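Each chain is listed here by its residues.
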Amino acid sequence: MANTRLRIVLAEDAVLLREGLVELLERFGHRAVAAVGDSRDLIKAVEEHRPDIVVTDVRMPPDFNDDGLRSAMELRGRYPDLAVLVLTQYAATAYACELLESGEHSRGGLGYLLKDRIGGVAEFLEVVESVAAGGTVIDPEVVRLMLRRRQMNEPLGRLTSRERAVLGLMAEGRMNADIAAALHVSQPTVAKSIGSIFLKLGLSEGDGHRRVLAVLTFLRS
Amino acid sequence: MEVRPPDAAPHPAPLNCRQALLRGPGALLTSSWPWRSLGYLLCGALVVFVAIGAAMKGPLHIDRMPAYAQLLVMLLLPAVVGMPVAATERLRLRLVDAEPVGNPHVTPDQPGLRAWLRLRVGEAATWREFGYTIALTVVLPLIDLGGVLLVGCVVLLIAAPFVAPFAGLGPLVVFGCWHIRSLPDRALVVLLGVALLPAAAYTVTALAAGRAEFVRLLLAPRESEVLARVQELTRSRIRLADAFEAERRRIERDLHDGAQQRLAGLIMTLGIAEHGLQQERSDGARLVARARKEAEGVQADLRELIRGIYPRLLTDRGVPAAVAEVADRCPVPVRVDIAMAQRLVPAVEAVAYFALQEALTNVVKHSRARTAWVTGRQEGDSLVLRVGDDGVGGARSEDGRGLQGLADRVAVVGGRLKLSSPPGGPTELVVELPWRTPDCG
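Note that the protein sequences, when read in sequence, are chains C and V.
Going by the numbering used here, the first sequence opens with residue 1, and the numbers climb by one from there.
Going by the numbering used here, the second sequence opens with residue 1001, and the numbers climb by one from there.
Please keep in mind that the hints were generated in silico from the structure rather than gathered at the bench.
Check each hint, because a few of them may be wrong.
Derived SDA-like pairs (lysine to any residue); straight-line CA-CA distance at most 25 Å [what the hints assert, rightly or not]:
hint	chain 1	residue 1	chain 2	residue 2
1	C	K192	V	G1425
2	V	K1057	V	L1072
3	C	K192	V	A1273
4	V	K1365	V	G1425
5	V	K1057	V	P1141
6	V	K1293	C	E23
7	C	K192	V	G1393
8	C	K44	C	M73
9	V	K1418	V	R1370
10	C	K192	C	R158
11	V	K1365	C	G202
12	V	K1418	V	I1338
13	C	K192	V	G1394
14	C	K192	V	G1146
15	V	K1293	C	E126
16	V	K1293	V	A1273
17	V	K1293	C	V137
18	V	K1365	C	E126
19	C	K192	V	S1420
20	C	K44	C	N65
21	V	K1365	V	G1393
22	C	K192	V	P1422
Bear in mind that the values here come from a model prediction, so they are computed numbers and not experimental data.
Construct all of the structure, not just a fragment, from the sequences and the given hints.
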């Protein structure tokens, strides 16, 4: 793997970790052309060295908020070929999504990885190299959270088969008694299903024609 | 005149002697109020006598001073003793008024005698107390004494005919010219005394009521002073909550910058060692691998802990993003829909976040819900957050410390909490938060 000797700019404000990372990367044949502890220095270092890949922390000076992440997004916007790997302690889908959405013209690789993964040295180096080669790597933990949220936001996906049937009949304009007869259940059961549908579609009582809105959601899907 | 709504109980027990006066004569005379009034005036007269006596004959010996010095002391003394005298008078008022009188003074917010003095001199309440103390030495003793003497006279009328023969006082003379000698005369005097008793009782009660009114007028906190105290309390409560939040943030930062980074370094070092030992197939390689796995477990635990203390995302991205993350980790599927045009102030933001987190924890623990949802909308000057679920319902805000703690936290920033949870569900919790805290505007 050392045949692709990468030129890396590293940004990490914890000195020990920064030095450890430099040592790790150099041990496996890459070159840290700059190792900085401040997000402003990160941008300067990239301007100066034009590295193959930037590896950066999220929380960094000067503000100790998400300075590292913001610098990474800015760099992605500015240098279309630059690969960016964000190393972080935050398993936050919000940060990962922002990173993914940044730099619309960027062709460079992208990574969002928890810092624990550095311990699996071989896998970590693979990630660095694959991001440098233009790949996208998102931490499995973050991916898991993202998938959960997607399922959650698919409103009809959360309905049971009975509820879906009720909603279908509602869309045909049938009243509760008709629906009950068609599905061979009691009217209170139908009413309960409808209440549950309203709840799952997020239609609260203030929304007016909940029946119509529910049907509209059904027809749109 | 006391105004009572027509459907109120016909005779609630009077709270003070003024209310007692407005009752029928029977009600007043059989009650304890005349006695309490008499006691009030009596101890007032006593206090004044003792105070004046101590001033005249005590260590100061005012009576031996030159006239100008006497005048000076008369003015200075009330200024010095005004506050303790006023405190005593407020306390003494409880004899004839069940409703306590609050302290009109504001608590100084700086330490030291100078700050205290500056505050006190500037306060209207101090000067009212000064005025009261002057009145206490000039006018009020007359009222106290008048009441006490009146009752004394009546008692004397009743008692004198019985006492006189034994005491050897000589012939009893009433009104200067009425010499009492015969038995019918004596009986007449006793009857006169008894007949005057109700009038005396009324007068004493009225005097006490007037005096109590005067005390309230000068020594009770004015509305603006009550308001100032409430504001001061509100401010201190917000300061406390802010300090608490700041401390959480500090702990989060320290853990992140300290323990978490060093642990990451340790995991990396163990990883490198493991990688180097991999070819050897030795025990050492296995042990290092195990150590790395453990360190990674600790790191994961630490990450959860830190998120619980203070979520970084809240500072960086605000309530919607931070709550979405909580929802992502919630075992019950939660749909989050929070729309906010602007960020809240940090104190309110923290309350909003922790309120929603607590509410979702309750959903998971108690509701047996299959789904839950969170919405947030700006309504007027407040942010209205709603947390609902399709669970079993029956939650009550009196149950458990969770909801009560939540209500307390929301109240600190001037917000409100409403819970609707009929048995059988669905449960909806509404948290209304002001855009700003009551104090930071």
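Item to check | Which numbered hints fail | outcome: Violated hints: 3, 14, 18; rest satisfied.
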